[in-house]
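Colleague: Please arrange chain B on chain A, whose structure you already have, making use of the hints.
Chain order of the listed sequences is A and B. Sequential numbering of the first sequence, starting at 5, is according to my numbering. Sequential numbering of the second sequence, starting at 17, is according to my numbering.
Derived from the structure by calculation, the hints contain no laboratory data. Every residue gets a Cβ at the ideal spot worked out from N, C-alpha and C, and that includes glycine. Among these hints, one or two may not hold up.
Stated by the list, open to error - If you want the ones that stay clear, here's a sample from chain A, every Cβ over 10 Å from chain B, calculated:
| id | residue |
| --- | --- |
| 1 | Pro227 |
| 2 | Asp326 |
| 3 | Arg382 |
Said to hold, decoys possible - Listed next, the in silico DSSO-like pairs over lysine-lysine satisfying Cα-Cα at most 30 Å (straight line):
| id | chain 1 | residue 1 | chain 2 | residue 2 |
| --- | --- | --- | --- | --- |
| 4 | A | Lys242 | B | Lys449 |
| 5 | A | Lys193 | B | Lys449 |
| 6 | B | Lys540 | B | Lys778 |
| 7 | A | Lys174 | B | Lys764 |
| 8 | A | Lys242 | B | Lys459 |
| 9 | A | Lys193 | B | Lys451 |
| 10 | B | Lys186 | B | Lys101 |
| 11 | B | Lys782 | A | Lys298 |
| 12 | A | Lys285 | A | Lys174 |
| 13 | B | Lys764 | A | Lys309 |
| 14 | A | Lys285 | B | Lys536 |
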Amino acid sequence: MRLIKNKIEHGGSGEVTLCPEEPEDMWHAYNLIRPGDLLRASAIRRVTTVQDTGSTSSARVHLNLVIRVKNLDFDPQSSQLHVSGQIINETAHTKIGQFHTLDLELNRNFTLEKEVGADGEGVGWDSVAVEQLKDAVDEGGKRRAEAVAVVMQEGLAHICFIGQFQTIMKQKVEMSVPRKRQGGGDHDKGMNKFYRVTLETLLRQMDFNTSITSGTNTDGVRPVLLASPGFVAAGFHKYIQSEAATTTPGLKRLLPSIVVVHSASGYLNSLSEVLQSPAVKTLLADTKYARETKLMDDFLDQLRKETNKATYGPREVESAVDQGAVGRGGGVLLVSNKLFRSQDVAERKRWVSLVDRVRDVEGGEVRVLSSDHESGKRLEGLGGIAALLTFPVVDEDVDSDAEEVNSN
Amino acid sequence: MSRHRVKAVGYDDDDFEDDDGYDSPDPEEQEFLQQCTASVQAELRAGQPAVTATTQEIHDALWHYYNDIEKSVNYLRGKKEKELKKTQAPAAQKNKGQMVPGFPAPIPDESSLSVTEFFRDCPWLNVSAHRKADILIQPLHPRLGLLGGAPEAGGKMSKLAALAAARKKKESEKSTGTPETPSTPKPSERAEGQTPKPSDTPLSLSQRLAASKLSKTSESSGGLRRLGKASTSTSSPARRPSAPVPSKSPVHAEPERESEPAGQKETEAAPEPEQVVPSIRAPPSTFASAILGSTAGPTVAEPSHVKSTDVDILEIYGQQHAEPFDFTAPSPDDVVMNAQSTAKGFKAKPGTSKTAGGQKGQADIAGGMKDLSVEEKVTVKSKNLDVLAEYGKSTRKKSANFVVIGHVDAGKSTLMGRLLADQGAIDRRTLDKYKIEAEKIGKGSFALAWVLDQGSEERARGVTIDIATNKFETENTSFTIVDAPGHRDFVPNMIAGASQADFAVLVIDSSVGKFESGLKGQTKEHALLVRSMGVQKIIVAVNKMDAVQWDIERFQEIEQQISAFLTTAGFQPKNISFVPCSGVLGDNITRRSEDPKSAWHQGRTLIEELETSERFTHSLDKPLRMTIGDVFRGGVQNPLSISGRLDSGSLQMGDQILIMPSGESALVRSIEVDGEPSDWAVAGQNVVLNLANIDPIHLRSGDVVCRASAPIKTITTFTTKVLAFEHLMPMQVDVHRGRLHVPGRISKLVASLDKASGATLKKRPKVVAPGTVARVEVELDQAVPLEAPTRIVLRAGGNTVAAGLLE
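Extracted from the complex, chain A is given alone in its bound form (with noise of 0.2 Å):
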């Protein structure tokens, strides 16, 4: 995402005017505009025009509209991000108030306007949003890393995509592979069915080109993992290994990208094991998922450990910061960019004050972990929020029982 403009003024109001270049900014424009802000697009709309003598006719204008965000829908799959809510500003062929629902396009640009309002409605620009917008516009601009994972078992797989934020489950094949019989040998001719499957899927979603002419550039190509547990991804591996020396030459240019590696399951479950692996560690070292997923673990395993150093929940969370256990040397607050999402403004300031505290006061680390990333979801297991202390913290089990009643 490039930043064409940034008016953020001091109290936090302001507005900044953002390019879009890549299908992962739509998710980072997800996350940057709230219900509330004013969002400024261009827009097509279907403009009804009624004639003196009745007759109507109807044409499609392009319109620069401001509206003032009523809801987020966002496609993950597609990358996709529309935003409905009322327009503001008058044009010839629109009124004020009328509904709109603005579609982000990539390459185009969009102003996004945060306001504080003087009773507090809303929450301008605060250091959760400056840190996210930031996270978008990337200026160090090394993000590139991105892979290709095809998580299997017999008779399944997962390809997604793995991004710096946000981990896309493109496409899931099922299919129903015999089991080994006594005298059958339906088993080997449905796995070879199954590979032949996945490997056209993948190549769909990945655009690869398997005709020769596409030449021998081998750079536009990104890692694909394959991972399985058993000899499923190796006898993958093998099939592309076969057909490329038979059948789609073209798929030569793939092979040296392809990585196996182990999984417990064919499922999006065993993706963090394989994000943990040597192979893949070394292939994607300097993403944020490989930090996040390596703070994850160190937190699971103070949690195994019982040392009390490790504590999940919002109010236990809440109740460790108070006690400042959440500071200098080793404080870690995991939190889950899902909090932020949250419609209610009350709840926000809730976590942005929290974030804000741990950062500015107590000189703890602050990591926000992207929802959509394996470890964003095994955090979003916990609550959405966890901390590593600096010191042990006993539960205080009168605290969790009272909760119960409450929540009862």
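Modeller: Leaving out everything else, chain B in the frame of chain A:
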């Protein structure tokens, strides 16, 4: 065929001559008829046995067979022979329909009311004979072969014709086979029996009438009548099976008496049908008798050449409306449908009303159909079985499933291969073939394992990947081996195998270093898994004892460690037994070791240990549940088959089953139990179901087969009481139940519980430590068929983290 079989309308006697050109056959035809008659006569006489037939009969037959001499001869001979037999048979005829002078019955019995009498006063009944029209209705379709006279061997019969023939045969067998029971003969028998001796004076008028009628018509359409169910020719309601009931009303009786002369005359005339006896009183019109079923057919005096006047319209259609029907036999529809379904090899749902008699009738039909070229001769297989009763009756050996578990390379497959080979379940040749092939790829020691490792990848890598089932029998037990893979990546497959097991054989590699690594690895995990899946009994086979020179100390060390571990895992000491053995050599498996170093072991061999297993009970009377283990193509005849073990309930051929979670129904075409075809299956058996009426896309391994009447529910979230093997916290897990393997997550730790009492120790714990019992809530990504009480296993990251019972 040139005879006009159109309406012959005689307006009046005078007119008749004028109509000649229209109505009577032309000379040419008559000549032809003469020729045919002559040749038929000749044939009949020449045949064996020689029979004679009247010209009239021959004419009739020729007429029916469109002048086909061969068929006519066949028919006539059949008929005559039958009559011949009957005359020889002693016919002690007794009357059933005795008249009772009891009178007057105020309300005439509807069933015994004579219609002729009912319409007696109607003017159109009393029309003078010469004014009567004689209506003949031409049959709509030529009735080829329907008289049953067509040579049975020659030519192809239509199915219907074949059925008719079969039925006719059956009927005739029945009537000849059971010579008249003196006391109460069936109406049909009586009628048949009467035919040849009309001089007998039956007591019942109606019978006499019937007899005369019969004799008159039998020549012309005897076969036709036989086509009908019973051979009673008369359609008098009085001759229904209920006839013996002496409730004939006077209204009925009196007019019959009146008509007696006519009837008697007819009786006299009966043997000579050509003789037309002028009736004293005009009988009902053809129409009336057609509609109401006459006792006395049209007896209008007609020139003899219009023989067809004698043919009752009803008989033209081969139907006798009032004819008694033997309801114990299958209806014609049933017969046809059964035959069709048999021919197609489908099993129609049986009518519940079917009696034993009906089935016997079917058997007769089937016998009669033997001559036909219908392939499947099997009678419709028994259905609507009381499966549980069948199971009780069956004298099967006790059967037991056991799963073979242990660390990778402990020698599970080899041990089982040895067991199968020594039990003779595998023949020598196959074994030698495996040996050669295994040596060819440099894995000679794997030859025995190849008995179970059938997959090409398994053989190439020397690792069992998926479970393999095989069976062998001892004197009193039939065993099913489930050989589970030992590698940790294939624990899901092992879980599938263990879920089918009654008890377990834990194989342990006794060689130095291997035992220790195994104990840390899958030895422990497998043992915990089978225990948590409800397996009580475990046999520990300490394998590869030859590698440690049958060191008794080594054995004792292993025994000590393993039994300590198994006891903590929840096995009772009495259910644990140890056998030192060697799979490669076959020592202490089916035979005692001959190695002097192993002389210290005096206990049982492995096979003896296996035989100590008790009979395992299964919930037969619970609703049907079966987890699909595999979906495959069984062959050309069974394009879609599923295999698995029945968890509960029973099943039989022709059942409709429901597949969950797809919710699609299917038909069980056939069942194989342990590789043998069977009509039914009960819980605990390993079955292959050949299905029909379902698309394979709705079948996946892990799906559950149930009945629409008691379907299993699909759920996305459940609470379970688990024993934690590792730390539990809200985390992503894989949920396993048999072949079912789905991703999910622990969404909530509800409480940690006391192991013994189950009381809550701590609500909402942060983390559940290994070895403790906890109640957790699990969410699944997709709806799966699960129901309490079911044993499930939770795994994460390739490790088993917990196992428990669904609540």
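Colleague: Take the hints in turn and mark each one as holding or not.
Modeller: Each hint, compared with the structure:
The claim that Pro227(A) is not at the interface with chain B holds, since no C-beta of that chain comes within 10 Å of its own (minimum 22 Å). With a least CB separation of 18 Å from chain B, Asp326(A) remains clear of the 10 Å interface cut-off, as annotated. For Arg382(A), the condition that its CB be more than 10 Å from all CB atoms of chain B is violated, with the nearest at approximately 7 Å. For a cut-off of 30 Å, the pair hint linking Lys242(A) to Lys449(B) stands: about 28 Å separates their Cα positions.
Straight-line distance between C-alpha atoms of Lys193(A) and Lys449(B) comes to about 24 Å, which keeps the hinted pair within the 30 Å bound. For the given pair, Lys540(B) sits about 28 Å from Lys778(B) by alpha-carbon distance, which is consistent with the 30 Å threshold. Of the supplied pair hints, the one linking Lys174(A) and Lys764(B) holds, its CA atoms being roughly 29 Å apart against a limit of 30 Å. Distance hint between Lys242(A) and Lys459(B) is fulfilled; the C-alpha atoms sit about 22 Å from each other, no more than 30 Å.
The straight-line distance between the Cα atoms of Lys193(A) and Lys451(B) is roughly 25 Å, inside the 30 Å bound, and the hint therefore holds. For the suggested pair Lys186(B) and Lys101(B), the alpha carbons sit about 16 Å apart, so the restraint of at most 30 Å is met. The straight-line distance between the Cα atoms of Lys782(B) and Lys298(A) is roughly 21 Å, inside the 30 Å bound, and the hint therefore holds. Note on Lys285(A) and Lys174(A): the hinted pairing holds, with a Cα-Cα distance of about 22 Å set against a maximum of 30 Å.
The hinted pair formed by Lys764(B) and Lys309(A) meets the criterion: a straight-line CA distance of about 20 Å does not exceed 30 Å. Simply put, Lys285(A) and Lys536(B) have alpha-carbon atoms about 28 Å apart, close enough for the 30 Å limit, and the pair holds.
Hint compliance for this structure: hint 3 is the single one not met.
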